[in-house]
Structures are given as structure tokens and as C-alpha cells.
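Participant: Just so you know, the sequences run in chain order A and P. Residue numbers are given in the numbering used here: position 60 of the first sequence equals residue 60, and the series is strictly consecutive. Residue numbers are given in the numbering used here: position 3 of the second sequence equals residue 3, and the series is strictly consecutive.
Hints in this document: simulated from the structure, not taken from any laboratory. The beta-carbon is built from N, C-alpha and C at its ideal position, and this holds for glycine as well.
Cut-off 27 angstroms, straight-line C-alpha distance, at most; resulting in silico cross-link-like pairs (BS3-like, lysine-lysine): (1) A/94 - P/47; (2) A/34 - A/7; (3) A/91 - P/47.
Facing chain A, from chain P, some residues (calculated, C-beta under 8 angstroms): (4) 15; (5) 18; (6) 19; (7) 22; (8) 55; (9) 58; (10) 62.
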Amino acid sequence: MNYRTLKDYYDSVVYLVAVNGLTSELHRIRFSPKSPTVGYLRSEPLITFADGATLRFHEELQLENRQVQRLGYAFHYERQGYFFRYDKDLKRAKPYCHHETHLHANQENIRFITHETSFEEVFTFIMKCFYS
Amino acid sequence: MATGKLRKDELEDVTSLAGGEMTDEEIQRILKGYEQQFGMTSEEFLKMWAEDAVPDTYETMDWAMLLRYQE
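Isolated chain A, as found in the complex (with noise of 0.2 angstroms):
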């Protein structure tokens, strides 16, 4: 996709929580641009679904030649006794125990290597998990 500016990636994600029936949760969608091709989304504090379970998420954001690059990011999925939380950090990084883009499932301390992911992709995700 190509977006001219982070308001319009921020629309494209409000876009897409809204098809997905949420539309009591967009006003906890919030983003704070730096210039208009570098900020940050965040949720104010969480998005809630239907059975309780939660989203909380932030993605660092920079827009090169329209496309969206992602310097950082966690998307924290909990439901009752389980999360999973995708994260993106470079500067943490360390051979062998702490991959830039790695994946916690239900512990804080053990991180598994991952792709680098989106809140497009993990959203998504979520509602063909749990809610479809």
C-alpha cells in the first residue's frame, strides 16, 4: 500500500478495525505524527473485543517513497490466562536471546524469532483466531 502520509496509514488502520465491527473501539486508535511521515499509533490504553479479551498495541512508523517502515513496535493480545505480544526492537537486540522481531507467548523471558509483522497482519490474525 501506498500512503502519502501517517495520517493516512492511521486511517487505513482505523479503516480496518471498523470492517471488523469495532467501531466502539476507533476512539482508542490515537496516533501522534512528528512530521507527516514519522510518528507513532498507539491504543489509548487498549482495544477491547466482544469476550473481554484486549489489544494493546504501538508501532513506530516512518514513510519512505509511501511505503510504511516500522522501527518498533508490540502488539500485546491478552485473554483471560493467555497472551502473546509480537515486538520489534532493534535496540535491544542481542545475538541468540533477544531477535529485533520476536514473539512472547505467555512468558516475558523466552522470545521466539519472528518475521516482521504489522498491525494489519497481527489484527487480523486475532479475528481469524477468535472471532470468525
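Given the structure of chain A, go ahead and fit chain P onto it with the hints provided.
Facilitator: Here is chain P on its own, set in the frame of chain A:
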């Protein structure tokens, strides 16, 4: 991203429901909340974060990110 299920006028309605841009006051309030929750100032946290002395939880990652974007 998938937007095909909404008409253009519906998309405009959706935008009006969104939370929009955060204010500096809101961001400061969140930072104060983290300071109270963890019992340290943001400066102390940043030092410990840089030294890898705090774990990477959602809250600590969020705190560090917000501080990176402070003016």
C-alpha cells in the same frame, strides 16, 4: 488494507469516530502514570533501559518509545 466493506460516506463516518492525534498533555499524563507505576522518574528509567536493567514488557517498551518522541 481491507476497506471494501464500507462506502465512502461510511468511511468518513468512521474517521469521525477515531481518537485522532494525541495531545502533549495526554502523553505527559501517560508518562507520569508509568513513573508512578514503576516508582522511578523517566530519566532513571531511560538510564536503566539503556543498561538493559529493566525487562522488555509492553509497558516498558511503550514508555521507552514515548520518551524517544518527546520534544
